[in-house]
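Could you fit the two chains together into a complex? Lean on the hints.
These protein sequence lines are chains A and B, in that order. If you read the first sequence in our numbering, its first letter stands for residue 0, the second for the next number, and so on. If you read the second sequence in our numbering, its first letter stands for residue -15, the second for the next number, and so on.
Simulated from the structure, these hints should not be mistaken for laboratory data.
Derived pair list, reagent style DSS-like, types lysine-lysine, alpha-carbon separation capped at 25 Å:
| # | chain 1 | residue 1 | chain 2 | residue 2 |
| --- | --- | --- | --- | --- |
| 1 | A | K41 | A | K78 |
| 2 | B | K(-7) | A | K41 |
| 3 | B | K41 | B | K67 |
| 4 | A | K41 | B | K55 |
| 5 | A | K58 | A | K78 |
| 6 | B | K(-7) | B | K55 |
Small disclaimer: the values here were computed from a predicted structure and weren't measured.
Here are the chains, one letter per residue:
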Amino acid sequence: EDQVTQSPEALRLQEGESSSLNCSYTVSGLRGLFWYRQDPGKGPEFLFTLYSAGEEKEKERLKATLTKKESFLHITAPKPEDSATYLCAVHPNTGNQFYFGTGTSLTVIP
Amino acid sequence: DGGITQSPKYLFRKEGQNVTLSCEQNLNHDAMYWYRQDPGQGLRLIYYSQIVNDFQKGDIAEGYSVSREKKESFPLTVTSAQKNPTAFYLCASSIRAHLGETQYFGPGTRLLVL
Chain A
0 EDQVTQSPEA LRLQEGESSS LNCSYTVSGL RGLFWYRQDP GKGPEFLFTL
50 YSAGEEKEKE RLKATLTKKE SFLHITAPKP EDSATYLCAV HPNTGNQFYF
100 GTGTSLTVIP
Chain B
-15 DGGITQSPKY LFRKEGQNVT LSCEQNLNHD AMYWYRQDPG QGLRLIYYSQ
35 IVNDFQKGDI AEGYSVSREK KESFPLTVTS AQKNPTAFYL CASSIRAHLG
85 ETQYFGPGTR LLVL
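For reference, chain B alone in the conformation it holds in the complex (with noise of 0.2 Å):
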């Protein structure tokens, strides 16, 4: 079955402490994105990546890292820079990042602060 995988489903971080996110497709996509999801707000995009090797800074980019080694996986960090890590984050992917090409989505991380 191919599709997108976020690992863990709920993470939980203390104060001053770095957090990973997985993502992992099997689709062959070229693309991978990397969204946060506040009540109330639209899908905010934090960085993403064309192809291996290569991201780009989202409009909230600040206080998150990202790395682009395999095609597959596009693992997001969540550094202790962030000052309001708590939202649910979703993982993307598509063929390609223009040409207007569907993203499909992850389950999602929820991240919450001890």
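So here's chain A without its partners, still in its complex pose (with noise of 0.2 Å):
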């Protein structure tokens, strides 16, 4: 069965200091990873999309990361605005079909 977990569930960070967010995955096979910013309320804002193990895209302070089985997303010297939830999706071989992970809650206190 196909499935994506994302890790921790809730995550705080004092400003400036730097952490990563994790999602694993089991799919057959991957045609895509994708990465989301949520803010409460609203529509995720896409961030990210990964295709083969290996790749890392940035954009500011984030970073994203694939490998064969889990995805990382590096936040570097964040800042009180980057408190979200971000989501993963992974969208397998077969289907049509994207998968979410439940989200991961990040708060940086100023």
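Here you go:
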């Protein structure tokens, strides 16, 4: 069964304290892995797409990496405005459906 | 500005009532999706459409119906058969449904039961 697990469920960081969020997946084959940011009461905002192991993408303080079994979202020197829920989704090789994790709720304290 | 719009932002449903959520996109995307988001759960797929006049059930289609008469529009009806409709509903679109294309989301509609 295709599955996506995100950890930790919640993370509190001091401003400037770097950390990583994890997304592990078990799928029959991967077409793509996607990271989104979601603010309370709003729709998810697209961040990154990764397609193959070893791939990395960066945007401001965020960097996403991909291995054959998991992806990491690294946050370098976070600021309070980075506080949000970060969602991971995978698109397996079979079918047209995305599978989403339950997200990591990040709080950055000034 | 290209994007996805959903309306209304909030919707109240009475017992036994059908309600329709609107989703419009001007991205010229072929594929559109409806998800339901509940606290502590990942997004769950209700229906998706790869092309006009075609749609497929997702994991939780019972109690919902959709239509795709225009490329830009993919309305979702929550019927009275859906016994637990309170949730945050998200519409998304992608260039195509396969090939690992990125899905882009609208702002969402929160449905509450009176």
